[in-house]
Amino acid sequence: KNEVEQSPQNLTAQEGEFITINCSYSVGISALHWLQQHPGGGIVSLFMLSSGKKKHGRLIATINIQEKHSSLHITASHPRDSAVYICAVSFITQGGSEKLVFGKGTKLTVNP
Amino acid sequence: DAGITQSPRHKVTETGTPVTLRCHQTENHRYMYWYRQDPGHGLRLIHYSYGVKDTDKGEVSDGYSVSRSKTEDFLLTLESATSSQTSVYFCAISEFYVSGNTIYFGEGSWLTVV
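Protein sequence lines correspond, in order, to chains A and B. Counting in my numbering, the first sequence runs from 1 upward without gaps. Counting in my numbering, the second sequence runs from 1 upward without gaps.
What the hints contain is simulated information worked out from the structure, not anything from laboratory work. Be aware that one or more of the hints could be misleading.
[To be verified] One side only, chain A facing chain B, incomplete, derived with CB under 7 Å:
| hint | residue |
| --- | --- |
| 1 | His-33 |
| 2 | Ile-43 |
| 3 | Ser-45 |
| 4 | Met-48 |
| 5 | Ser-51 |
| 6 | Ser-90 |
| 7 | Phe-91 |
| 8 | Lys-104 |
| 9 | Gly-105 |
Beta carbons: idealized from backbone N, C-alpha and C, even for Gly.
Model the full structure from these sequences, guided by the hints.
Below, the structure is given as structure tokens:
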């Protein structure tokens with residue numbers, strides 16, 4: 001069974017601060033996703049990673065396959081970054097189908 | 001934006017009544033999922049499908065059934081709704097490629113069982 005642990009569960013920051021959210025998982029994966037959910041809103045995919053690092057604007061995602069760990073960084077945080085960030089991993093079951101397992105999410109609040 | 005829609009978006013129903021939620025996609029993705037999201041639990045998998053007529057249970061499947069008779073539609077049915085099934089339900093679609101896999105979510109269906 002693949003477990004996904006995120007930390008912290010809740011995070012409050014001041015505008016402009018550098019933010020890091022962590023995700024650890026327990027078994028081999030085919031890909032890791034970082035998702036964003038604004039209050040009352042839908043869920044959108046920010047990144048899909050299978051190795052290395054990706055950057056999009058102020059968001060940076062990294063993954064260390066050997067350590068089974070990923071981080072999501074937000075530089076120069078802004079109140080509009082306030083959302084729940086969810087880590088999800090996809091892996092292939094013994095039967096050959098894909099499964100997705102989600103972390104419980106990190107609620108980020110950025111104060112002006 | 002990916003072509004994935006859920007219906008209904010909001011529903012209030014009485015305990016004991018059957019309820020069906022529909023997820024429709026236009027992306028021709030093989031994998032479709034139903035999740036529920038509750039405070040303190042995050043997203044929990046109810047059922048998923050890896051092809052037409054191919055479905056499997058997730059971690060919270062009791063009280064739910066699904067059907068997928070064609071690629072584009074994945075139906076979630078609550079045979080006899082209970083108050084514990086009050087939740088937000090999300091459908092997701094996914095596909096594998098050599099470069100990785102994509103995942104898209106529907107906008108959610110808010111279900112209240114009274």
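Identify whether the interface hint at Gly-105 of chain A stands, where standing means a beta carbon of chain B within less than 7 Å of its own. holds (5 Å)
Minimum beta-carbon distance criterion (7 Å), Ser-51 of chain A to chain B: violated (10 Å)
Would you settle whether the hint for Ser-90 of chain A is holds or violated, based on the nearest Cβ-Cβ distance to chain B being less than 7 Å? It holds, given that the least Cβ distance between Ser-90 of chain A and chain B is near 6 Å, below 7 Å.
Would the hint on His-33 of chain A stand, with a C-beta cut-off of 7 Å toward chain B? Holds: closest Cβ of chain B sits about 6 Å from His-33 of chain A, inside 7 Å.
Return the status of the interface hint for Met-48 of chain A: holds when the least beta-carbon distance to chain B is below 7 Å, violated otherwise. holds (5 Å)
Holds or violated: the hint that Ser-45 of chain A contacts chain B, with Cβ atoms closer than 7 Å. This hint holds: Ser-45 of chain A lies near chain B, its Cβ roughly 6 Å from the closest one there, short of 7 Å.
Satisfaction of the Lys-104 of chain A interface hint, Cβ to chain B closer than 7 Å: holds (4 Å)
Mind checking the CB of Phe-91 of chain A against every CB in chain B and telling me if the closest is under 7 Å? Hint on Phe-91 of chain A: violated, closest Cβ of chain B at ~10 Å, above 7 Å.
Grab the minimum C-beta distance from Ile-43 of chain A to chain B and call the hint holds if it beats 7 Å, violated otherwise. It holds, given that the least Cβ distance between Ile-43 of chain A and chain B is near 4 Å, below 7 Å.
In this structure, the earlier hints numbered 5 and 7 are contradicted, and the remaining ones agree with it.
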